[in-house]
Amino acid sequence: MIKLSPKLSQKLSYLFLFLATILAIIPGVLIISIIIAKGWSVFFTLKFLTSMPTSGMLKGGILPAIIGTFLLVIISIFFVLPIGVGAAIYLNEYSKNNLFTKIIKLAIINLAGVPSIVYGLFGLGIFVIYLKLGVSIIAGALTLSMMELPVVITTAYGALNSVPLSFREASLSLGVSRWKTIVHIVLPNAIPGILTGAVLSTARIAGETAPLLFTAVAFYTPHLPHSIRDQVMILPYHLYITATQIPNMEENRIFATALALLIIVLSMNFIAIIARIYFRKNRKW
Amino acid sequence: MSKIEIRNFNLYYTSLHVLKNINVNILERKITAIIGPSGCGKSSLLRSINRMNDTIEGVHVSGEINIFGKNIYDIGIDVRILRKNVGMVFQRPNLFPISIYENVAFGLKINRIHSKKNAINEVVEKSLKSVSLWDHVKDKLHKSALSLTLEQQQRLCIARVVAVASNIILLDEPCSSLDPIATQKIEELIIYLSDQYTIVIVTHNMQQAARVSHNTAFMLLGELIEFDKTEKIFTNPSMNETEDYVSGRFG
Numbered sequence: 009m010i011k012l013s014p015k016l017s018q019k020l021s022y023l024f025l026f027l028a029t030i031l032a033i034i035p036g037v038l039i040i041s042i043i044i045a046k047g048w049s050v051f052f053t054l055k056f057l058t059s060m061p062t063s064g065m066l067k068g069g070i071l072p073a074i075i076g077t078f079l080l081v082i083i084s085i086f087f088v089l090p091i092g093v094g095a096a097i098y099l100n101e102y103s104k105n106n107l108f109t110k111i112i113k114l115a116i117i118n119l120a121g122v123p124s125i126v127y128g129l130f131g132l133g134i135f136v137i138y139l140k141l142g143v144s145i146i147a148g149a150l151t152l153s154m155m156e157l158p159v160v161i162t163t164a165y166g167a168l169n170s171v172p173l174s175f176r177e178a179s180l181s182l183g184v185s186r187w188k189t190i191v192h193i194v195l196p197n198a199i200p201g202i203l204t205g206a207v208l209s210t211a212r213i214a215g216e217t218a219p220l221l222f223t224a225v226a227f228y229t230p231h232l233p234h235s236i237r238d239q240v241m242i243l244p245y246h247l248y249i250t251a252t253q254i255p256n257m258e259e260n261r262i263f264a265t266a267l268a269l270l271i272i273v274l275s276m277n278f279i280a281i282i283a284r285i286y287f288r289k290n291r292k293w
Numbered sequence: 091m092s093k094i095e096i097r098n099f100n101l102y103y104t105s106l107h108v109l110k111n112i113n114v115n116i117l118e119r120k121i122t123a124i125i126g127p128s129g130c131g132k133s134s135l136l137r138s139i140n141r142m143n144d145t146i147e148g149v150h151v152s153g154e155i156n157i158f159g160k161n162i163y164d165i166g167i168d169v170r171i172l173r174k175n176v177g178m179v180f181q182r183p184n185l186f187p188i189s190i191y192e193n194v195a196f197g198l199k200i201n202r203i204h205s206k207k208n209a210i211n212e213v214v215e216k217s218l219k220s221v222s223l224w225d226h227v228k229d230k231l232h233k234s235a236l237s238l239t240l241e242q243q244q245r246l247c248i249a250r251v252v253a254v255a256s257n258i259i260l261l262d263e264p265c266s267s268l269d270p271i272a273t274q275k276i277e278e279l280i281i282y283l284s285d286q287y288t289i290v291i292v293t294h295n296m297q298q299a300a301r302v303s304h305n306t307a308f309m310l311l312g313e314l315i316e317f318d319k320t321e322k323i324f325t326n327p328s329m330n331e332t333e334d335y336v337s338g339r340f341g
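Protein chains in written order, with the working numbering: chain A, 9 to 293; chain B, 91 to 341.
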């Protein structure tokens, strides 16, 4: 066995750790640069983002897929915010620390770990078939909300929990009821954290395909959706079909679609990060 | 004339017997100090007077606390009205991260004591004047309350209590986060306010109790050992434990 001098072993371990870090970021850098390199020429052609696909999707744009993705995540957030924040308020402000509460918290954590395709099948069963919503925007949005719920509850719970106890004490000691204390003192101070969590979970689901596969997506729609009962095209699924199901597809078009999806997701993350920095700077406690 | 009568009062935290059969009469418009070593239950007793202990899971009580002849632990009591009348100031200033003005107006607005802007402005001004803060903050009422010094913040906390028209003020070691000069100023304010308010102050600082209070209660291990005029407690107490504590033999 060769004995290394302490200086050399120090250097080697440093080198190893440095290489590990480089290796970790290489995939990310490659993905982004390849997608940009191959996709930008089509992405920046006039009307790729703003027109309907034509000629069996070989030509034209991806407008319906962009609109579908936005519609689904925006509608889902309307369901998920009130329910998620309500549950978080109950858990943080009202529930007693007993077995029942512990079971609920455990269930929420486990819910976050359920594979997305299972949510998709569940959504098919309950929203599409049982509630007769059909394969539609509303069924897809509801399925997405179920998937977002655990994340939104957890982040909202954390945001409520980080509001100092002394604020609540001060308000209660002035004769303010518990509910009004929550509305006027706790919630306003937790809203930044709640919103950041909601945006992040939205960004996560914007790229999901599996939960929408049986609940919302269409292979191709000749027109934009008219109502929430319509099927929609979405970016991740459109990406999948153009890459695998359509012969003679121009490669750059696929990468341009990927670029559009990437920009949507990353910009949402970026907004959340900026918001967090802004709120943290302006927080006085 | 006594304003707060505590009768056979016991407080348990789950199975822990925190306050043991407390009996004491707190007089109107006098300053009553509660002293004793850490963990003797003095803060628990104070927080029983406005039922702030209700917010802690696992606390239950027996006995009575009568304020103006009414037992505040009776079933029909509205805790919100009780807490409005019995204000509380905490160890550390616990202002809301909003403006100076909004901090004082908060209780008024939420409790709908006043709804007209002029009426609220008037009460805010009056309250700030009563804690000698008005001249200092009148030009920056809409600045954040947390930009004030700790002493000013504590004054503002008292103004917030004064604004909702409390007539009893409970102070839980109000000077523990302040320097000696600020402490002296707050003590002067407490003495000044005792003209109009019944004041109960918990303190671990015996000199402070001696300086500001008319009556003093000495507590030890959850029991009220002695309650008497402050002068007597500090010069000629009846109980050995009290003498040992005030002379600094333990605590």
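Any given hint might turn out to be false.
[Said to hold, decoys possible] What the simulated footprint calls covered on chain B by chain A, stretch by stretch (three residues with Cβ under 8 Å from a Cβ of chain A suffice, anywhere in the stretch; the number is not a length):
1) 184-194
2) 211-222
3) 245-254
4) 266-273
[Claimed, not checked] Listed below are several chain A residues computed to face chain B (Cβ distance under 8 Å; list not exhaustive):
5) K15
6) S103
7) S174
8) F175
9) E177
10) A178
11) S181
12) L182
13) G183
14) S185
15) H192
16) I193
17) N197
18) L208
19) R212
Read the hints as simulated data drawn from the structure, not as lab findings.
For every residue, glycine included, the Cβ atom is placed at its ideal position computed from N, Cα and C.
Status of each hint after checking the structure:
{"no.": "1", "hint": "184-194", "result": "holds (count 4)"}
{"no.": "2", "hint": "211-222", "result": "violated (count 0)"}
{"no.": "3", "hint": "245-254", "result": "holds (count 4)"}
{"no.": "4", "hint": "266-273", "result": "violated (count 0)"}
{"no.": "5", "hint": "K15", "result": "51 Å, violated"}
{"no.": "6", "hint": "S103", "result": "10 Å, violated"}
{"no.": "7", "hint": "S174", "result": "4 Å, holds"}
{"no.": "8", "hint": "F175", "result": "6 Å, holds"}
{"no.": "9", "hint": "E177", "result": "6 Å, holds"}
{"no.": "10", "hint": "A178", "result": "4 Å, holds"}
{"no.": "11", "hint": "S181", "result": "4 Å, holds"}
{"no.": "12", "hint": "L182", "result": "4 Å, holds"}
{"no.": "13", "hint": "G183", "result": "3 Å, holds"}
{"no.": "14", "hint": "S185", "result": "6 Å, holds"}
{"no.": "15", "hint": "H192", "result": "6 Å, holds"}
{"no.": "16", "hint": "I193", "result": "6 Å, holds"}
{"no.": "17", "hint": "N197", "result": "7 Å, holds"}
{"no.": "18", "hint": "L208", "result": "24 Å, violated"}
{"no.": "19", "hint": "R212", "result": "31 Å, violated"}
The structure shown violates the earlier hints numbered 2, 4, 5, 6, 18 and 19.
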